[in-house]
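Visitor: Construct all of the structure, not just a fragment, from the sequences and the given hints.
Residue numbers (the working numbering): 1 to 288.
For the record, the hints were derived by calculation from the structure and aren't laboratory data. Certain hints may be false.
Taking CB as the label site, the calculated pair distances span [stated by the list, open to error]:
1. V261 <-> E30: 29 to 35 Å
2. P79 <-> E30: 19 to 25 Å
3. S86 <-> S274: 28 to 34 Å
4. A92 <-> E205: 38 to 44 Å
5. D114 <-> S274: 35 to 41 Å
6. D254 <-> P144: 27 to 33 Å
7. P113 <-> G273: 18 to 24 Å
Please read all numbers here as calculations on a predicted model, not as lab measurements. Virtual Cβ for every residue (Gly too), placed ideally from N, Cα, C.
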Amino acid sequence: MSDELGRVRQMWHLLEPLHAVLYYAPEAFEEAAALGYVVGERWPGYFAWRAAPLGAAGAGRVAETFYSFSPAMVDAYVPAVWSAASPEAVLAARGRAVDRAYRTILGEAVTAPDTAEAAALLSRVAGAADTAGRPLAAANAALPRPDAPHLALWHAATVLREHRGDGHLAALADAGLDPVEALVSFAAIGAARPEVFASRGWSAEEWAGARERLVKRGLLADDGTATEAGGALRAEVERRTDEAAAGPWRVLRDEERERLVELLGPLWVAAIGSGLLPMETTLGIGKV
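Guide: Quick look at the structure:
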């Protein structure tokens, strides 16, 4: 991996927890409950929070942009989430949820000059992102940038997170990996245990079918682990994902990027230290 791509992946590792607290924070569940969502599970809120920038998207649109979720699972929540609250109401509640969660997790850092500096740098990067052909990145980028630095930071982190994710889906498609095959092949290289990927709603039969297809392609061994060819293909997917995500970061000078890493470090520690985020996720952070 080149130095540039290594830095791009480092920034993803730093930013993902700062984005993902929305899906786990108690404050977000409280805001979701106030909208009328069932909060005994996280999925109604998750689909609403993440899909709201797309407008009142149907199940097909959400399934294709989220990619890794079983269409049957998406159907269980979308478009029902828009019956409880409009996308506009969800976006307003999302902002409140991030504000409250960040104030709990980051404490005094919310109003610290370092956070404002990080938000300014990160917003420059997000503003440089080419969102053509990247639906989730484009939808989030089109939203007004919040004035409060901590909310501007979350907004920029989200644009860049979805920008990377949209590029990742293109790399998976180019590799000939359909949504369930993408998960099976990722589990095969040890990104997470197969049980973790069960959260995406695929049936045992669908998982087994994808595994059989990958074995026939020579990408998986009979025991479900990746062959050399399978490992190489996944490495190529990750490399192409990093390449597709690299563009916006070139707006920063080397010293600015290093300063941003320095500024984000304590915020990353606070997010990880909150105990809200799972130790093992479907994204394979720390494993790829």
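Visitor: For A92 and E205, compare the CB-CB distance with the range 38 to 44 Å and indicate the outcome.
Guide: Because 41 Å falls inside the window, the suggested range holds.
Visitor: Does the Cβ pair P113, G273 satisfy 18 to 24 Å?
Guide: 22 Å, holds
Visitor: Honestly, do S86 and S274 meet the 28 to 34 Å range at C-beta?
Guide: 30 Å, holds
Visitor: Okay, V261 versus E30 on CB: inside 29 to 35 Å?
Guide: For V261 and E30 the Cβ distance comes to about 33 Å; the hint holds.
Visitor: I want to verify a distance hint. Is the separation of the beta carbons of D114 and S274 within 35 to 41 Å?
Guide: Given range 35 to 41 Å: violated, Cβ gap about 18 Å.
Visitor: Taking 19 to 25 Å as the stated bounds, is the beta-carbon spacing between P79 and E30 within them?
Guide: 24 Å, holds
Visitor: Check the following: the C-beta atoms of D254 and P144 are separated by a distance inside 27 to 33 Å.
Guide: Taking Cβ atoms as reference, D254 and P144 lie about 31 Å apart, which means the hint holds.
The structure is inconsistent with hint 5 alone, although it conforms to all the rest.
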